[in-house]
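> Residues per chain are reported as follows:
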Amino acid sequence: MTDKVVRIAGGQGFWGDWLEAPVRQVRDGPIDYLMMDYLAEVTMSIMQKQRSRNPLAGYARDFVPLMERILPDIVEKGIRVTSNAGGVNPRGCAEAVLESARKLGLAGKLKIGLVTGDDLLPDLDELMAAGHQMRDMETGRPLSDIRDRVLSANAYLGMQPMVEALGRGAQVVITGRVTDTGLTLAPMFHEFGWDFDDWDKVAAGTVAGHIIECGAQSSGGNLLKDWRKVKGLANPGFPIVEASADGTFVITKHPGTGGVVSIPSVTEQLVYEMGDPHEYITPDGVADFTSIQLKQSGKNRVKVSGIRGGPRTDMLKVSIAYFYGYKAVGTLVYGWPDAYDKARAADAILRQRLKNLGLEFEQILTEYVGVDATHGRLAGPASPDLPEVQLRVGVRSTDKAAVERFTREIAPLVLTGPPSVTGFAGGRPQVEEIVAYWPALIDRTAVEPGVRVEILEA
Amino acid sequence: MATVKTVPLQLRYLAHARSGDKGNTANVGLIALNPEWYDVLNKQVTLARVRKHFKGLVSNVERFELPNLHALNFLLHDALDGGGTISLKTDAQGKVYSTALLRMEIPVPVALARQAKKRAKCPNPCSSRSMPAS
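Protein sequence lines, in the order shown, are assigned to chains A and B. According to our numbering, the stretch in the first sequence is residues 158 to 615, in order. According to our numbering, the stretch in the second sequence is residues 5 to 138, in order.
Source of the hints: derived by calculation from the structure; they are not laboratory data. Here a beta-carbon is modelled for each residue, glycine too, at the ideal position from N, C-alpha and C. Take these hints with a grain of salt, some might be off.
[As the list claims (entries may be wrong)] Some residues of chain A that are not near chain B, with every Cβ distance over 10 Å (derived):
| # | residue |
| --- | --- |
| 1 | Glu-198 |
| 2 | Glu-233 |
| 3 | Arg-306 |
| 4 | Asp-383 |
| 5 | Glu-430 |
| 6 | Pro-434 |
| 7 | Gln-450 |
| 8 | Gly-551 |
[As the list claims (entries may be wrong)] Derived Cβ-Cβ restraints for the label pairs, each shown as a range:
| # | chain 1 | residue 1 | chain 2 | residue 2 | range |
| --- | --- | --- | --- | --- | --- |
| 9 | B | Lys-47 | A | Gly-467 | 25 to 33 Å |
| 10 | A | Pro-212 | B | Pro-12 | 40 to 48 Å |
| 11 | B | Asp-43 | A | Lys-388 | 51 to 59 Å |
[Said to hold, decoys possible] Only some residues are given here: those of chain B computed to face chain A with a beta carbon under 8 Å:
| # | residue |
| --- | --- |
| 12 | Glu-40 |
| 13 | Ala-52 |
| 14 | Phe-68 |
| 15 | Ala-75 |
| 16 | Ala-115 |
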């Protein structure tokens, strides 16, 4: 057993997170690894939409200028980066970062590990013909129901190809659809040389990864408990794992940063997006969240221990994006007095007009922001004296023309409906294409032989 | 046998919470504000009560216990108008279902209700029974 501690810093919690965070993680204190998670369930769909318009796109574009800012520091300090910023185009992402490195005069000084093989789209028909049904995990429908509308299909890869890339000297590892937790597991397994079937260690790294994968959401951001007492969020410290060889670790943040690392802050993140806590399933193993022990071991330090896990399953999850239809959301603001009644009257008029036009929608959803938009009927009766209410109407349809016409029915309400209405200066609502998410499972053996690790040099 | 007098109390005084999504399912993790209050939560925040609370808003509820974290986890199925990119809801990803659960009331002993409401008015450090701030 060694005393070695590996510091893995969370740099981004999602695509669109605070751009200063990774820079500060690199500059404000010692770290060994920077992990940057960009991929939520819906993100692959969005990236796919962008790639369908531009073959060079399809990855987290913010990642490239961000890397440009930190590359000189990480090369000098030897900090290594793991990121799934590659989205549906990891090669394009890696090439863009290499280009930045050359521009910065770092030619010959940077090796990028590129992980591919998560993309199943080219082989999808072959896989289906071989009997892989890839049924929707929620509805049970077979993929053949929507095959002609599939835009992307990516298997969730685990840590192993990233561990290989680190072992081959990659300083920056760029992947497509790997699990968020794998980005943290890979550095731990690379550094400590743990066996891939040491399931308790896999579970420990999985929990560590889960805690830091959403950025400051474990270090005081979005913390409900005593939220007024969380100070310094103008400069939040993003979370850092200090991992030890025995599988225990400490969650902390750099000194002098805002936010808080406490048992409540870590617990809120642990339960975020949780399913059955006994079985947190990843490609690398299964973690039991009911085994986690937390202890406040110092100011802004939470020690995590006791984690148990079980063997990985034979299946990998597949994230499939498919064309679903169109949607648009229109809003108007109604002012006091009787703001809620006016908004409701406007909604009734709008719905009658849509009906009179013979437009068909799969869904028309009305929310009254200020009354019931977030909690529905649980919010209770509206106060009769509300200063204003925002009427928010959304429609969804496979018929683009119907959605288009809906977007032209909002503004007319201003002069042809209830009074005291404002807030329409943004113009007509935009028609959005819906690229939807289809989660499925596939045999591991159908995917893993196609996974490749390449080392690219600047 | 003497029965302890109880009063209804909103969960906001006893617990904090965070929610997230998996497709069209929202989860709500409910965490005791004070570890000593976990047993009351575990006993009173029953599947039946949570199902009734969210009736009409979700299709089905599952419940899990995490005594190690003084927390319960609830899965709320069909809660998100299709979820993800399909949903037309403001809260398409179920981020504030957490606080919707905190509106629910459970019966608690009068003394606990008093203690919990006092904590809400004056959270740590002035409440001696609460967890350290950092």
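> Give a verdict on every hint.
How the hints compare with the structure:
no.	hint	result
1	Glu-198	6 Å, violated
2	Glu-233	32 Å, holds
3	Arg-306	13 Å, holds
4	Asp-383	5 Å, violated
5	Glu-430	3 Å, violated
6	Pro-434	5 Å, violated
7	Gln-450	6 Å, violated
8	Gly-551	3 Å, violated
9	B:Lys-47 x A:Gly-467: 25 to 33 Å	29 Å, holds
10	A:Pro-212 x B:Pro-12: 40 to 48 Å	60 Å, violated
11	B:Asp-43 x A:Lys-388: 51 to 59 Å	32 Å, violated
12	Glu-40	14 Å, violated
13	Ala-52	17 Å, violated
14	Phe-68	5 Å, holds
15	Ala-75	6 Å, holds
16	Ala-115	22 Å, violated
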